[in-house]
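Just so you know, the protein sequences line up as chains C and Z, in that order.
Sequential numbering of the first sequence, starting at 1, is according to this note's numbering.
Sequential numbering of the second sequence, starting at 198, is according to this note's numbering.
One or more hints might be untrue.
[As the list claims (entries may be wrong)] Stretch-level coverage of chain C by chain Z, calculated; a stretch enters the list once three of its residues show a Cβ under 8 Å from a Cβ in chain Z:
1. 46 to 55
2. 153 to 166
[Claimed, not checked] Some chain Z residues well away from chain C (every beta-carbon gap over 12 Å; in silico):
3. Q217
4. H241
5. S244
6. R256
7. A267
8. D271
9. N272
10. T274
11. D318
12. Q336
13. E351
14. K369
15. K372
Since the hints were derived computationally from the structure, they do not count as laboratory data.
Every residue, glycine too, gets a C-beta built ideally from N, C-alpha and C.
Letter by letter, the chains look like this.
Protein chains: 2
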Amino acid sequence: MKNNVTRDKLIDSGAQLISQQGYNATGINAVLKSCGVPKGSFYHYFSSKEDFGLAVIERFATTYDETLVAILEDNDTPPLERLKRYFATGRDYMLACDHTTGCLIGNLGQELSGQSDTFRDALNLVFQRWEQRFVSCLQDAKARGDIATCIAPEALAGFILTGWEGAILRAKTLKSVAPMEQFEMILFQQVLVRPSP
Amino acid sequence: MKNNVTRDKLIDSGAQLISQQGYNATGINAVLKSCGVPKGSFYHYFSSKEDFGLAVIERFATTYDETLVAILEDNDTPPLERLKRYFATGRDYMLACDHTTGCLIGNLGQELSGQSDTFRDALNLVFQRWEQRFVSCLQDAKARGDIATCIAPEALAGFILTGWEGAILRAKTLKSVAPMEQFEMILFQQVLVRPSP
DNA sequence: ATAGCAATAGACTGACTGGTCTACTTTGAG
DNA sequence: CTCAAAGTAGACCAGTCAGTCTATTGCTAT
């Protein structure tokens, strides 16, 4: 398994198609066609479509985690400012894909959680990893005294992740980033508030 | 089209299967099998699978709207209490289906928004109708002085809907209603706060 | 040079997809 | 009673699905 170029091409094409159409609506043949790889190669690298899907999730999760770290653990920027940058990046991406794609993990979580425990476990782990990134960012904010709330950073991180995922879903059906802006606005105005003097 | 029993059976079975497995993963034959209706009847009542899917959405939306009205416009109960009842009902349902089903409209919004404009429009309308129910409940709360916030009820309603949908998604992957409880907790503790004396 | 394995290549399979077709039964209006 | 329309019934269709199979190529260690 020295040459992983073919495997990577399959995962990249798969991630793109699955992001756009979902897992069930994306056939293996469509993936093969979109990257010009024959079926023999596919089943050389992956034992099944599920195996392939899990590889797509894993790849997406690791590369996405890198950008998450770059934004949320950038110590040259105040913690709440980092959060705002994260939201801005998400909005930019939503606009770039014309509100069609959204979040791959969120999409698959919705589509496959009830269908396969293997998928559910994998997606749940990804969410938990993300949540942890928010936790440390919020802890930084709390340590600096930027947040007055007595709510635990863990609960706050969960609240932000779910709210953001919901906003993405709504943005897709509305074809507008307004719900994402609305979420951010209320979050900073009501939840992540500075301590009163 | 006097006797709609068969049509209703199809829609009921379809709603159940689509809720559990999603639209793409639910074949017409599976629907027919689950309610013992032959294919001839299906295509007598519906011109295509898409047509059927839209009927399922419409039916779900109207029946769900009735329970929404019953809870959110119950004038014998204070507005914020009505909201809490709504959340409690959602949590009960989530537990009843063992965290597998979630919200049909949310599921389909995620799965089909990028796939078909017809579906997206239909689902968007449902969301907007729901949002309106929240708006009037929040207006009641504001009129009674139960809410201090200067945020417009329209924005607040959007925030609640997206946050709730996100919490449902997270609850599915986590197989726990904790995210739903967490959302409600922070919402009432930080956002829907009484005016300070 | 060659044996052996990794990888490529795509024809092929059975099961299943959404959708069509024809035949039959029931119903209600005249 | 009659006859057309509404509705039931399921065999059937072309296309697609995930997955298998055999054949061939390319590389590498001996």
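Results for each hint:
1. Counting residues of the stretch 46 to 55 of chain C whose beta carbon lies closer than 8 Å to any beta carbon of chain Z gives 0, which falls short of the minimum of three for the stated coverage.
2. Counting residues of the stretch 153 to 166 of chain C whose C-beta lies closer than 8 Å to any C-beta of chain Z gives 10; at least three are required, and the coverage claim holds.
3. A beta-carbon of chain C is positioned within 12 Å of the beta-carbon of Q217/Z; the least distance is around 6 Å.
4. Even its closest Cβ contact with chain C, about 27 Å, leaves H241/Z beyond 12 Å, as expected for a residue assigned away from the interface.
5. Consistency note on S244/Z: stated as away from chain C, and its beta-carbon is indeed over 12 Å from all of that chain's, at 21 Å minimum.
6. With a least CB separation of 19 Å from chain C, R256/Z remains clear of the 12 Å interface cut-off, as annotated.
7. Even its closest Cβ contact with chain C, about 24 Å, leaves A267/Z beyond 12 Å, as expected for a residue assigned away from the interface.
8. The Cβ of D271/Z sits about 25 Å from the closest Cβ of chain C, beyond the 12 Å cut-off, so the non-interface label holds.
9. No Cβ of chain C approaches the Cβ of N272/Z within 12 Å, the least distance being about 27 Å, so the stated non-interface status holds.
10. Its beta-carbon lying about 24 Å from the closest one in chain C, T274/Z satisfies the requirement of being farther than 12 Å from that chain.
11. A cut-off of 12 Å between C-beta atoms contradicts the statement that D318/Z is not in contact with chain C; the least separation is 9 Å.
12. Distance to chain C confirms Q336/Z as a non-interface residue, since its nearest Cβ pair spans about 17 Å, more than 12 Å.
13. Non-interface status of E351/Z relative to chain C is broken: a Cβ of that chain comes within 12 Å, the nearest being about 9 Å off.
14. The beta carbon of K369/Z sits about 4 Å from the closest Cβ of chain C, which is not more than 12 Å, so the claim that it is off the interface is violated.
15. Its beta-carbon lying about 7 Å from the closest one in chain C, K372/Z breaks the requirement of being farther than 12 Å from that chain.
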